[in-house]
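Take 2 as the starting number for the sequence shown in the numbering used here and just add one per residue.
FYI, nobody ran anything at the bench for these hints, they're computed from the structure. Just so you know, nobody snuck in bad clues.
Here are the simulated distance ranges between beta carbons:
| id | residue 1 | residue 2 | range |
| --- | --- | --- | --- |
| 1 | P39 | Y95 | 32 to 40 Å |
| 2 | P33 | H69 | 33 to 41 Å |
| 3 | S106 | H69 | 32 to 40 Å |
| 4 | E41 | H69 | 34 to 42 Å |
No residue lacks a Cβ here, since even glycine has one placed at the ideal position from N, Cα and C.
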Amino acid sequence: MNPHPPARGTPTGPAQPTRADELAALDVRSTPDQRLDPAEVQGLVQLLDGWQVQGAVLQRTFAFRDYHATLAFVNAVAWIAHRGDHHPELQVGYNRCQVQWSTHSAAGLTLKDLICAAQVDALKCHKA
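Could you build the full structure based on these sequences and the hints that come with them?
This is the structure in structure tokens:
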């Protein structure tokens, strides 16, 4: 018996999340930088709202009513990134923000990217 079983939800773990809230609840810091295969990525992206895979990047553009709301969202994403020590590329405009996740050390998408995207989706500041 393995005294240290793989973390739940990792590619080698016993179960992948089946809902966005399960994905968002996973711990980014304890998730390995193991690149996911395209089938794994597509299965998990289906749990997310509006995210698209473009090459080795997971991205979504969020729209807001004004600049203040956009910056509130940017600050919330910054907190997610800081807490998980996993940082996205952000492109910020007056009333929009594009968020791009990718794990450079893995040269592609990892479970970390999908967890962070799910955590961004869980934010209330971008809901209509």
